[in-house]
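Please model the entire structure based on the sequences and the hints provided.
Single-letter residue listing:
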Amino acid sequence: MPTFFENKQLVTPGELLAEGDYLAGTNTYAEDNKIYASRIGLADCDNKRVNVVALKAFYYPKIGDVVIGTVIEVGFNGWTVDIKSPYTALLRASDVLSRPFKPQNDELSQVLNGGDLIVAKIASYDRAHDPQLTVGEPGLGKITRGQIMKVTPSKIPRVIGRKGSMISTIKQETGCQIILGLNGVILVTGKTLEDEDLAMAAIKKIEEESHTSGLTDRITKFLKEEKAKREENKNE
Amino acid sequence: MNEKPEKLIDKKGCRLDGRKADELRPIKIEVGILSNADGSAYIEHGKNKILAAAFGPREMHPKHLSLPDRMVLRCRYHMAPFSVQERKSPAPSRREIELSKVIRESLEPSVFVEYYPRTGVDVFIEVLQADGGTRCAAITAASLALADAGIPMRDLVVACAAGKVDDTVVLDLFDTEDKVGTADVPVAFMPNLNAVTLLQMDGNLAPEEFEKALNMAIEGCRKIYEMQKEALKTKYMLVKQEEEVEE
Numbered sequence: 435m436p437t438f439f440e441n442k443q444l445v446t447p448g449e450l451l452a453e454g455d456y457l458a459g460t461n462t463y464a465e466d467n468k469i470y471a472s473r474i475g476l477a478d479c480d481n482k483r484v485n486v487v488a489l490k491a492f493y494y495p496k497i498g499d500v501v502i503g504t505v506i507e508v509g510f511n512g513w514t515v516d517i518k519s520p521y522t523a524l525l526r527a528s529d530v531l532s533r534p535f536k537p538q539n540d541e542l543s544q545v546l547n548g549g550d551l552i553v554a555k556i557a558s559y560d561r562a563h564d565p566q567l568t569v570g571e572p573g574l575g576k577i578t579r580g581q582i583m584k585v586t587p588s589k590i591p592r593v594i595g596r597k598g599s600m601i602s603t604i605k606q607e608t609g610c611q612i613i614l615g616l617n618g619v620i621l622v623t624g625k626t627l628e629d630e631d632l633a634m635a636a637i638k639k640i641e642e643e644s645h646t647s648g649l650t651d652r653i654t655k656f657l658k659e660e661k662a663k664r665e666e667n668k669n670e
Numbered sequence: 005m006n007e008k009p010e011k012l013i014d015k016k017g018c019r020l021d022g023r024k025a026d027e028l029r030p031i032k033i034e035v036g037i038l039s040n041a042d043g044s045a046y047i048e049h050g051k052n053k054i055l056a057a058a059f060g061p062r063e064m065h066p067k068h069l070s071l072p073d074r075m076v077l078r079c080r081y082h083m084a085p086f087s088v089q090e091r092k093s094p095a096p097s098r099r100e101i102e103l104s105k106v107i108r109e110s111l112e113p114s115v116f117v118e119y120y121p122r123t124g125v126d127v128f129i130e131v132l133q134a135d136g137g138t139r140c141a142a143i144t145a146a147s148l149a150l151a152d153a154g155i156p157m158r159d160l161v162v163a164c165a166a167g168k169v170d171d172t173v174v175l176d177l178f179d180t181e182d183k184v185g186t187a188d189v190p191v192a193f194m195p196n197l198n199a200v201t202l203l204q205m206d207g208n209l210a211p212e213e214f215e216k217a218l219n220m221a222i223e224g225c226r227k228i229y230e231m232q233k234e235a236l237k238t239k240y241m242l243v244k245q246e247e248e249v250e251e
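Protein chains in written order, with the numbering used here: chain F, 435 to 670; chain D, 5 to 251.
None of these hints come from the bench; they were simulated from the model.
Small disclaimer: the values here were computed from a predicted structure and weren't measured.
Don't take every hint at face value.
[Claimed, not checked] List time: in silico DSS-like cross-link candidates among lysine-lysine, alpha-carbon distance up to 25 Å:
| id | chain 1 | residue 1 | chain 2 | residue 2 |
| --- | --- | --- | --- | --- |
| 1 | D | K239 | F | K638 |
| 2 | D | K51 | D | K105 |
| 3 | F | K442 | D | K237 |
| 4 | F | K584 | D | K237 |
See the structure below:
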C-alpha cells in the first residue's frame, strides 16, 4: 500500500497518488482502490487521508461561511449577489429589514443598490438551490468604507494562519480591521490609506508565498521593515 | 506548397519536413497566459499556433440550457481569418461547428461534470495558424486551460494523430500529408486512466494498418502528455522557486 508522492510535491490532475488502504481527501478521487489528484496542487498525506492543497480553485458555497459579495441586481423581494462562486446568491428583503417587508412601502434600491458590497453569511445552500445569504448578525451588512482585495479562495486559510496567528499579526502591526470572506474577497479598513496599503501588501505577500514554512515570522519582519521605511520617508 | 508533391516520403524514409515516420513535430506549451480568462493555454505544435481559454464554472446563459444534475461544457473552436493561406471567413463553418462538438465530447469524460449542477463551463479555442492536426493540438491546449481554471478533472486529455502516407504509417501528420496522404487517425487519450476519448478516421486503412496507426498515435500522446504536465507545473513552479531564492 504505497503512496507515490513526497510531502508537498506538486501534482497535476490525474496523477496517481496512492494505492490500497487510503482515503480520498480534498481535490482527489478514488477509482479501483487507487487515489488520483483532481486539481493542480500540493499533495500531502494525513493519517491515511490523501489531500491535495489546490493552487488554483474557485469558491464553493458552504452553510455558515462568511463571504463578501457585490449586489448585481435589485429584484422584487430581494437582491441577487455575486459571491465569486459558480452560483449567484440571493439575499431576501425580509432578512435585511427588521420589520416585515411590504413591496408598496419599501423601496429596495434605497437599502442596497447594484454595485454595493456586502458582508454576509451563507444561510442555506444545496445542490438544487442557489445559496441564500443572511446579514442578521453583528458585523454583517453593507460595506461603507475600506478597500477590497481578491485572492484565490484556497489561500484564505493561509492568510488566517495557525489559530489565527497570521491575521492577528497583520491587524496588530497595521491597526487595520480585516474581514476575510471565505470566497477569496478581503476587506481592509484602517485609519489611514497607508495603513490599508501596508496590510494589503502583506496579504499579497502571503498569497504569493503561501506554501513555505516560517511565513508568519517573515511577514512580521516585512511589516516592521516597511513601517520603518515609511517613517523615514515621512521625516525627510 | 500549393503544388502537389509527387512523393511524401523519400528513399531514406524521411518525410517532407525531414522527420522519421514515428517522429513528432516540435512542441511548445505555455499555461496561464491570458489574465482575463479563468484558465488559459497556448500551444505551438509544429507550425500550428493555438490559444485556448476556459471560463467558469459559472451560471449558465441562456439559463434554459443548464442541466439540473450536471455542469454543461461548451466549446467553440474557431479559426482566425489569417490562420490559413487563403483568407478564411470568420463565420463558423460546417467544419468548425463539427470540430467544436468533437472537442467538447473528447474533453467531457475528463471533467467531473456532476460536481457543479446548473452551471456552465466555456472553452474558447482560437487557431491563430493552422498546419494540419489542429483538432489534436486544440484538445491538448483546451484540457490544460480547464486544469488551469481549477476545474476538477479525472486526468488531462492529450491528443495526437497518426495516418498513412505513401503506403507508410506515420505519426503526427502536417497539412500536406493530411491532404495528399491516404488516411488520418486523430486520437485523444487520457494516459493515466488508459482511456481513449476521441477516435476518428478519415481515409482508408487496412485493419492491421489501423491498429498500427492507433498504437502509434497513443505512443505520441504519451510523449505529449509529459510536455503537457511539465507546462502546467512550470506555471505554478515559478512561484515556488522565487521563494527558495529568498530564503
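Okay, the hints, checked on the actual structure:
For the given pair, K239/D sits about 18 Å from K638/F by alpha-carbon distance, which is consistent with the 25 Å threshold. This hinted pair checks out: K51/D and K105/D have alpha carbons roughly 24 Å apart, not beyond 25 Å. For the hint pairing K442/F with K237/D, the CA-to-CA distance comes to about 13 Å; that is within 25 Å, so the pair holds. The suggested pairing of K584/F with K237/D holds, with an alpha-carbon distance near 23 Å, which does not exceed 25 Å.
The structure shown violates none of the earlier numbered hints.
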